[in-house]
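Colleague: So the sequence lines, in the order shown, correspond to chains X and R.
Numbered according to our numbering, the first sequence spans residues 77 to 564.
Numbered according to our numbering, the second sequence spans residues 6 to 136.
If you're looking for bench data, these hints aren't it; they were derived computationally from the structure.
Predicted model, so just to flag it, every value in this text is computed and none were measured.
A hint or two may mislead.
Simulated crosslink set (DSBU-like; lysine-lysine; CA at most 30 Å straight-line) [to be verified]: (1) K469(X) to K59(R); (2) K267(X) to K105(R); (3) K71(R) to K105(R); (4) K282(X) to K7(R); (5) K444(X) to K71(R); (6) K470(X) to K110(R); (7) K467(X) to K59(R); (8) K267(X) to K513(X); (9) K110(R) to K130(R); (10) K130(R) to K467(X); (11) K110(R) to K469(X); (12) K130(R) to K446(X); (13) K469(X) to K130(R); (14) K130(R) to K282(X); (15) K130(R) to K59(R); (16) K7(R) to K105(R); (17) K267(X) to K282(X).
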Amino acid sequence: MRNTQSTRLLFELSQPGRRAALLPPLDEQITAAAEPLPETQAADGPPPLPELAEGDVIRHFTNLSTLNMSVDTHFYPLGSCTMKYNPKRNERLAALPGLADVHPLQDDDSVQGLLRLLYELQQMLAEISGLPAVSLQPAAGAHGELTALMVAHAYYAQRGEDRRVVLTADSAHGTNPASAAMAGFETRAVKSSPEGLIDVEDLRSKLDDQVAVFMLTNPNTLGLFDHQICEITQAVHDAGALVYLDGANMNAIMGLSRPGDFGADMMHYNPHKTFSGPHGGGGPGAGPICVRDFLEPFLPAPTIARDADQDHYRLEYDRPESIGRVRTFFGNTGVLLRAYFYIRSYGGDGLRQVSEDAVLGANYLLSKVKHILDVPHGDRCMHEFVASASKLKKEQGISAMDLAKRILDYGFHAPTVYFPLVVDEAVMIEPTETESKETLDAFAEALFRVTGESGDLVHEAPHSTPISRPNDVAAARKPIMKWTPKDS
Amino acid sequence: MKPEDLRYAESHEWVHVSEQDGQQVATVGISAFAIEQLNDLVYMDLPEAGRTLKAGEEFGEVESVKAVSPLYSPVSGEIVEVNSQLPDNLEWLNEDPYQKGWILKVRMSGDEGLDQLLDHAAYQKQCAESG
Numbered sequence: 077m078r079n080t081q082s083t084r085l086l087f088e089l090s091q092p093g094r095r096a097a098l099l100p101p102l103d104e105q106i107t108a109a110a111e112p113l114p115e116t117q118a119a120d121g122p123p124p125l126p127e128l129a130e131g132d133v134i135r136h137f138t139n140l141s142t143l144n145m146s147v148d149t150h151f152y153p154l155g156s157c158t159m160k161y162n163p164k165r166n167e168r169l170a171a172l173p174g175l176a177d178v179h180p181l182q183d184d185d186s187v188q189g190l191l192r193l194l195y196e197l198q199q200m201l202a203e204i205s206g207l208p209a210v211s212l213q214p215a216a217g218a219h220g221e222l223t224a225l226m227v228a229h230a231y232y233a234q235r236g237e238d239r240r241v242v243l244t245a246d247s248a249h250g251t252n253p254a255s256a257a258m259a260g261f262e263t264r265a266v267k268s269s270p271e272g273l274i275d276v277e278d279l280r281s282k283l284d285d286q287v288a289v290f291m292l293t294n295p296n297t298l299g300l301f302d303h304q305i306c307e308i309t310q311a312v313h314d315a316g317a318l319v320y321l322d323g324a325n326m327n328a329i330m331g332l333s334r335p336g337d338f339g340a341d342m343m344h345y346n347p348h349k350t351f352s353g354p355h356g357g358g359g360p361g362a363g364p365i366c367v368r369d370f371l372e373p374f375l376p377a378p379t380i381a382r383d384a385d386q387d388h389y390r391l392e393y394d395r396p397e398s399i400g401r402v403r404t405f406f407g408n409t410g411v412l413l414r415a416y417f418y419i420r421s422y423g424g425d426g427l428r429q430v431s432e433d434a435v436l437g438a439n440y441l442l443s444k445v446k447h448i449l450d451v452p453h454g455d456r457c458m459h460e461f462v463a464s465a466s467k468l469k470k471e472q473g474i475s476a477m478d479l480a481k482r483i484l485d486y487g488f489h490a491p492t493v494y495f496p497l498v499v500d501e502a503v504m505i506e507p508t509e510t511e512s513k514e515t516l517d518a519f520a521e522a523l524f525r526v527t528g529e530s531g532d533l534v535h536e537a538p539h540s541t542p543i544s545r546p547n548d549v550a551a552a553r554k555p556i557m558k559w560t561p562k563d564s
Numbered sequence: 006m007k008p009e010d011l012r013y014a015e016s017h018e019w020v021h022v023s024e025q026d027g028q029q030v031a032t033v034g035i036s037a038f039a040i041e042q043l044n045d046l047v048y049m050d051l052p053e054a055g056r057t058l059k060a061g062e063e064f065g066e067v068e069s070v071k072a073v074s075p076l077y078s079p080v081s082g083e084i085v086e087v088n089s090q091l092p093d094n095l096e097w098l099n100e101d102p103y104q105k106g107w108i109l110k111v112r113m114s115g116d117e118g119l120d121q122l123l124d125h126a127a128y129q130k131q132c133a134e135s136g
């Protein structure tokens, strides 16, 4: 049975004087500081912290942790997010004292091991992307986008070109136009073709000497590899612009296809998606970027360099054309190290198989789901696919959101819904490479059963979770930002 | 204003042009179809009066629980009035998108953009095809 007593707020569980440890009375007199703070700076009293026994605290957090769905407890086909299983080996290795117990202000000499791993990670990311120059600093994928756009801006500034426009695909992740706006560019959207690929004619009509960068995702957010990619990158280069590849979907093409080979000039990785690493909790994440050699001088400082003659690794600050620092120290090393161990554990052939298995699993599930929901963009996909609940909504009143909520009752995390925007009532499914045939079959079966259920049952779902349907509108328009005691 | 009497942009804004003090003033809003597609609205960002817009230029955005959508001006001219109460009363858009839910009044600088607009029947046809 669920313990709802212990999962009340800590403030509600608090009792005056309750403690985890009761200390003996002090045998010395406490004297006031010689120069107390000015009265205007002093607090009215001690902060009203909750008071609890250790057992209460443990029970509170342990019970809370069981209310969540996670990739360690449930199948988690959240399209676009690549909720892959994170091998526990990575956690163990990243926690080694030589990596976890060091301080970023230590001398380079005393952290040679860590620097070596990060240096080698730069090389591995360069090899997988086909783009030779790497910065590990950005703290998340979107931060990588922003950093790369700043690099592009510095590149054009040095060439004396004033290019102010960034083109994004209309199926892009929302971070693409947001990063472009944050970097000071104007954004324009390029249409998708009926097949869900880039409309090359629309792209050509928007390319001129104002365009700095075209940002695209390949495979795209519909789970389709754009076979026109070389034509697209050629057209962008002919207009004097750069191609940015949103690397969110690298899990589909590792060892199979390299962005540098199909014409990308800059890209980011999402190591938590592609190379395992904890998702969620707001981070820390990492968003390393790779760029072509002519953009290398502008990368953030410091980079991690190796003096080959002394076999010595160090932080390289002497980068006069650099855009500067975008993150403290070497970036979020904990996540980067997990990526390193993941890559080294699999090796080149293993990574290729990860991608092949991710694509195989998605296509297997697609072959089942297409008999349950419409899949507007064809019979084949890469690592994910987008179904549409449009017909289901019209005929049975069951929307994509209803479907997502109800599937929780069957013990599966929901797919992504309402993204990408180019598909009506989108249901975006990404199984990842480690799921068995049995799991995929069970998920398809559950989806099939939901589509046959009564509207009333589905509209009220989920029925088995601690919270059913939070009011999204009220949460956005009238958020309650802090807890206040009932009797005050 | 009746929906049948309005003209519509492909991007779902409606326009009503009237003459005030010898000048053409366009009242701009968004269609009931667009509001239904957007689902539950949570936020709206509007410009200040006095700003000059070009036809097709983005002037604000509306956010629903599903997505953020830009709002485009169907006409060129200067914003003379903004329905500043609207962002705090987004339910007006659902209740009455063609009266209480008006968004901007624009003193038109010319006819630019008008020839791109659809009449009610053509707009209905566009909605039926996309929905």
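Colleague: For every hint, state whether the structure bears it out.
Modeller: Hint check:
1. K469(X) to K59(R): 38 Å, violated
2. K267(X) to K105(R): Violated, at about 33 Å.
3. K71(R) to K105(R): 24 Å, holds
4. K282(X) to K7(R): 37 Å, violated
5. K444(X) to K71(R): 27 Å, holds
6. K470(X) to K110(R): 36 Å, violated
7. K467(X) to K59(R): 38 Å, violated
8. K267(X) to K513(X): 36 Å, violated
9. K110(R) to K130(R): Within the cut-off at roughly 27 Å; holds.
10. K130(R) to K467(X): 19 Å, holds
11. K110(R) to K469(X): 37 Å, violated
12. K130(R) to K446(X): Roughly 29 Å separates the two Cα atoms, so the pair holds.
13. K469(X) to K130(R): 21 Å, holds
14. K130(R) to K282(X): Holds, because 28 Å separates the two Cα atoms, which is no more than 30 Å.
15. K130(R) to K59(R): 26 Å, holds
16. K7(R) to K105(R): Roughly 12 Å separates the two Cα atoms, so the pair holds.
17. K267(X) to K282(X): 10 Å, holds
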